[in-house]
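J.: Protein chains in written order, with numbering that gives the first Met the number 0: chain A, 0 to 275; chain B, 0 to 561; chain C, 0 to 301.
FYI, nobody ran anything at the bench for these hints, they're computed from the structure.
A quick note: this is a predicted structure, and the numbers were derived from the prediction, not measured.
Possibly wrong hints are sitting among the right ones.
Derived DSS-like pairs (lysine-lysine); straight-line CA-CA distance at most 30 Å [claimed, not checked]: (1) C:136 with C:118; (2) C:214 with A:198; (3) A:122 with C:210; (4) A:198 with B:71; (5) A:198 with C:136.
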Amino acid sequence: MSLDLTLRAAPTVPLEAEVLSPARLAGLSAAEAAKLPVVHGNERADVGDFFRIGGAADGQLDITGDLSMVKRIGAGMAEGRMVVHGSVGMHLGAGMSGGEIVVEGHAGDWVGAEMSGGRIVVKGNAGHMLGSARRGTPVGMRGGEILVFGNVGNEAGNGMRRGLIAIGGDTGDFAAVNMLAGSIVVLGHLGSRPGAGMKRGSLIAMHPAELLPTFSYACTYAPVFVRLYLRHLRRLGFDIADSQVNGSYQRWCGDGIELNRGEVLLFDAAGTASRG
Amino acid sequence: MGSPLRIVNGRVYDPANGVDGAVRDVCIRDGEIVVDVPPDAKRIDATGMVVMPGGIDIHCHIAGPKVNLARKVQPENHYGDVQLRTRLTRSGTGGTVPSTFATGYRYAALGYTTAMEAAVTPLGARHALEELHDTPVIDKGFYVLVGNSVLLYRLLHEGRREEFRHALAWWLNATKAYAPKLVNPGADELWKGYRNANVTSLDDKIGALDLTPRRVIAAFIEAANELGLPHPVHIHCNNLGHSGNFETTLETMRLAEGRRAHIAHIQFHSYGAAAAKSQSNPTSRARDIVEFINAHPNISADVGAVMFGRSTIMTADAPLAYMLRRFGTGKWVNADTENESGCGIVPFIYQDRVYTNALQWAIGLELLLCSADPWRVVFSTDHPNGGSFMSYPRLIRLLMDREFRKEQMARVNQKALNQSGLRDCQEREYTLSEIAIITRAGPARLLGLAAKGHLGVGADADVTIYEEDANKEKMFSAPRYVIKDGELAIEDHEFRVSREGRTLQVAPEYDRGIEQVLEPFFEDFYTVRFANYPVDERYAPHAQIIPTAPQAATSPAGSAPR
Amino acid sequence: MLVRGVLIEDTFAEAFTMRVARLIITGRTPRWAREAALKLTGFATSVIGCKCEAGIERELSEGETLDGRPGVSVLFLTMDKESLPQQLIARIGQTVLTCPTTACFDGLPDVPDRLPVGKALRVFGDGFQGSKVVGGKRYWRLPVMEGEFLVEETFVMQKGVGGGNFLILATDADAALAAAEAAVAAMASQPGVILPFPGGVVRSGSKVGSKRYKKMIATTNDAFSPTLRGITESQLPEGVNSVLEIVLDGTDGPAIEAAMRRGIDAACRPGVKAITAGNYGGKLGPHHFHLRRIMGGAPRPA
């Protein structure tokens with residue numbers, strides 16, 4: 000059985016709870032886990048002040064409740080599995096290097112910021128700066144996967160260097176801004192200025208988008224690697240049509256004010272139809 | 000000022016008073032070292048410990064507009080090094096450029112009680128003083144950048160040497176600075192006027208002016224000596240960082256002609272040209288530099304040693320910083336302060352495998368190990384340029400521990416090591432007394448701070464007590480006690496009081512008539528009106544004016560400064 | 000031992016340890032995957048003259064490939080570790096990279112020791128290539144005139160088996176050919192095995208060395224050549240007028256055994272006198288496939 004935490008007192012100000020990660024709680028009794036430190040606003044507190052603890056640690060951690068005010072859940076985690084039955088606050092899985100986090104609800108900003116491995120699944124929406132670089136650093140997500148089934152905010156994949164971000168819904172503005180490499184797949188619509196400042200990497204999207212004038216159209220074709228990603232995502236539960244797997248994509252090269260080695264691939268329904 | 004205090008049984012290192020490790024008591028009352036205190040005074044048992052005056056950093060960058068720019072440009076240094084609030088101390092951030100409060104606490108926690116910010120534009124004086132006000136525990140002051148002042152240049156250009164001196168004195172007063180600072184004198188005029196231009200020799204013509212760096216430097220050395228400033232002009236020479244710059248440095252020192260002058264971070268100015276035409280790497284000329292200083296008691300220098308790891312290059316030398324931008328970590332800032340100075344920030348990482356970085360590291364050590372007079376070649380990393388002040392304990396160990404040094408030498412780029420003279424002086428080990436000189440007594444004397452850097456009666460009761468340890472890095476990393484102005488600021492490694500230090504200033508005399516000369520220039524060329532320009536007392540609530548007096552060109556090593 | 004009247008000789012096939020890779024070639028249609036595979040595996044019958052042995056293992060449906068397109072599985076073998084990547088790089092570069100619509104993936108279970116094949120091929124992209132990591136594996140995208148060629152960065156190399164064989168001794172050439180065809184057809188669906196010779200069949204079995212030409216490392220197997228029955232030490236039974244050999248390479252011994260069982264069983268038909276196998280006295284190759292042991296476990300023909 001897994002270790003179960005249930006939020007019993009909703010924090011009134013943000014609660015920083017980096018300790019909520021499978022490895023930190025592994026092998027602890029409920030009483031010991033309750034003693035782990037969290038920061039509530041500018042005051043120190045214990046996990047037990049906010050959570051009821053049951054079950055026993057076996058590598059999986061289940062957390063239940065509306066954790067929208069709880070930050071840094073799973074930040075820096077390297078192993079284990081965590082399922083949050085509810086929504087979470089900012090910095091979910093920031094800097095994580097391994098393991099898996101599943102959030103049944105929504106997540107705040109900075110999901111998986113500068114993560115280097117592992118997988119984060121958000122069944123609902125996520126906020127801004129998904130998988131992005133933190134302020135001041137040029138490099139965002141360095142590996143792993145972030146799968147958001149809903150919509151995300153601005154600057155998803157800011158400075159991303161490796162890994163995969165998949166977004167089932169729409170993005171805000173500046174998706175893939177300053178991207179260095181890696182892949183972002185967006186099944187919904189892109190906001191303004193996608194790919195601004197990208198050096199390398201791929202932004203793959205399923206709807207027409209207005210690109211910056213510093214992106215240049217190359218061709219419409221059916222890249223095999225997109226099939227790999229889409230089939231991979233389909234296995235992970237994303238709703239992907241055969242026409243998208245088999246489809247043609249417009250390739251736009253950019254950003255021309257940077258290295259110009261990145262690409263935005265936009266699903267081309269007309270080109271796909273003509274392929275028969 | 001705290002209750003009377005008696006430190007008993009410690010081994011005392013007070014080189015200014017000729018005390019070299021003798022076990023004796025140190026008594027403190029009303030913020031001063033006294034002969035004796037009543038028997039019921041609080042006692043600190045310093046058995047097995049080393050007692051020294053509080054450390055003094057003669058050259059660092061801890062406050063003012065450029066320091067703040069460096070903080071702003073590196074938020075990643077902040078979330079990686081968070082200083083949490085305690086009952087007595089405020090929160091802050093660290094990294095190579097800590098926030099103001101963290102700077103004060105961290106200096107104090109290393110046993111330092113005084114630090115001098117080495118480059119503030121006159122217009123930035125208010126900002127610097129406000130930040131220094133927020134830099135707790137330690138005493139501090141700043142050097143004001145006057146070496147590229149358009150107005151002072153105009154006076155020199157027109158040959159008005161008297162008015163130049165009055166203007167310089169006015170500026171020191173107006174900004175509440177401690178000393179005049181020159182940075183790459185002459186360069187700003189070229190840098191502002193011509194694309195990527197810089198001064199390359201002391202005899203370059205400075206733009207359209209009838210001036211050369213040589214004339215400018217000589218004028219400042221002369222004026223500072225005439226004003227009787229406690230610290231002479233503080234010079235960042237031309238050609239910093241360039242291969243072959245040691246000749247410029249020697250030329251600059253010769254300009255003093257027996258008058259006092261202080262050369263800043265001299266490691267960065269001790270480079271020889273490439274060993275052969277086919278090579279591009281600089282070589283070490285530390286030996287030439289240090290021999291000149293050994294033979295010229297009017298000259299002093301701080302080393303500006305380089306330590307491997309993260310640093311932040313921050314300088315008023317805008318053309319230099321612009322050149323270095325492509326060697327940094329990607330971010331850089333270059334800025335200009337009207338009529339006064341340039342500025343550049345480059346976050347940087349010194350790597351032991353990189354030839355140039357290893358050579359710089361070796362030269363810093365070479366200068367210190369070959370120096371014959373620790374009173375005049377004193378300790379600094381030009382924080383945070385050569386490395387953070389947090390690396391001082393490691394640098395002390397490198398000086399004191401031959402075996403450790405050899406180990407470290409084996410890890411660096413060997414080509415660079417072979418081009419330095421470090422192996423020739425590798426047997427020397429600094430004694431505790433010598434460390435006390437280069438980190439305390441020496442800087443105090445060079446700064447003209449008669450009440451600091453020693454434990455004689457009447458001295459400021461700034462005392463640091465270290466637990467002895469064979470590992471000197473460990474020993475100097477965390478003193479057990481730090482006493483500031485007679486108060487136990489740190490006891491058993493923990494802060495005991497929350498206190499503010501003093502702001503050290505000079506106030507040289509000048510002819511008030513000079514204001515009529517200066518005012519029209521301000522009205523024409525400055526964004527600030529003349530009347531609004533001087534900094535008033537409110538910006539330095541804990542000011543201490545260090546008197547000016549005719550200064551001897553030299554002071555014999557080992558004698559008391561008072 | 001007799002199978003439907005055909006004598007199974009009491010002997011064994013002697014096979015060698017080789018290095019094997021499995022390539023999955025996919026294409027827009029089955030045809031183009033096959034075209035690439037045919038070129039890739041062309042002139043790859045024997046390491047003696049071709050430096051590698053390769054063949055199509057089987058065709059793959061859309062549901063069986065990584066990219067969801069029809070494909071072909073190819074086994075590719077060399078004698079030593081060094082030549083496998085060399086041959087793969089040369090052959091994939093000339094035959095798959097060049098073939099319209101195809102992509103090339105690794106098909107063996109993952110191991111840490113992998114050959115940098117796609118990594119070497121990527122430089123054809125002249126700096127315009129890019130890579131993607133999907134499911135933990137890196138793929139290189141090479142821009143080409145048609146669009147883009149995708150090739151996995153590294154391929155698994157594992158130990159395989161080369162030189163499994165059996166000989167069909169028949170009363171006449173037609174009977175030998177019919178039996179060989181039946182054997183090949185029966186073995187076609189066996190995973191982990193390829194038949195590197197034309198149509199899976201070799202007529203010119205060889206012996207090691209030469210009786211006359213010192214430089215020849217392999218010459219005709221005169222003991223089994225019917226025209227030499229009178230002038231050499233023939234091993235052919237009475238009434239045998241034609242012999243064909245089936246050579247098998249595979250990923251492992253059991254796969255080869257299973258294929259041999261099916262093949263021999265299918266070859267035991269009218270006109271075939273005996274089934275035997277080639278060996279070198281058992282001293283050269285570590286794998287010995289004893290015909291009677293294999294056939295002892297043979298399933299009853301349907």
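J.: For the pair supplied as a hint, residue 198 of chain A and residue 71 of chain B, is the alpha-carbon distance within the 30 Å limit?
T.: holds, 25 Å
J.: Do the alpha carbons of residue 214 of chain C and residue 198 of chain A lie within 30 Å of each other, as the hint requires?
T.: violated, 59 Å
J.: CA of residue 122 of chain A to CA of residue 210 of chain C, is that 30 Å or under?
T.: Violated. Residue 122 of chain A to residue 210 of chain C sits at ~76 Å, over the 30 Å cutoff.
J.: Next pair to validate is residue 198 of chain A with residue 136 of chain C; report whether the Cα-Cα distance is within 30 Å.
T.: holds, 22 Å
J.: Is the hinted pair residue 136 of chain C and residue 118 of chain C satisfied, with a Cα-Cα distance of at most 30 Å?
T.: holds, 12 Å
Hints 2, 3 from the earlier list are contradicted by this structure; the remaining hints agree with it.
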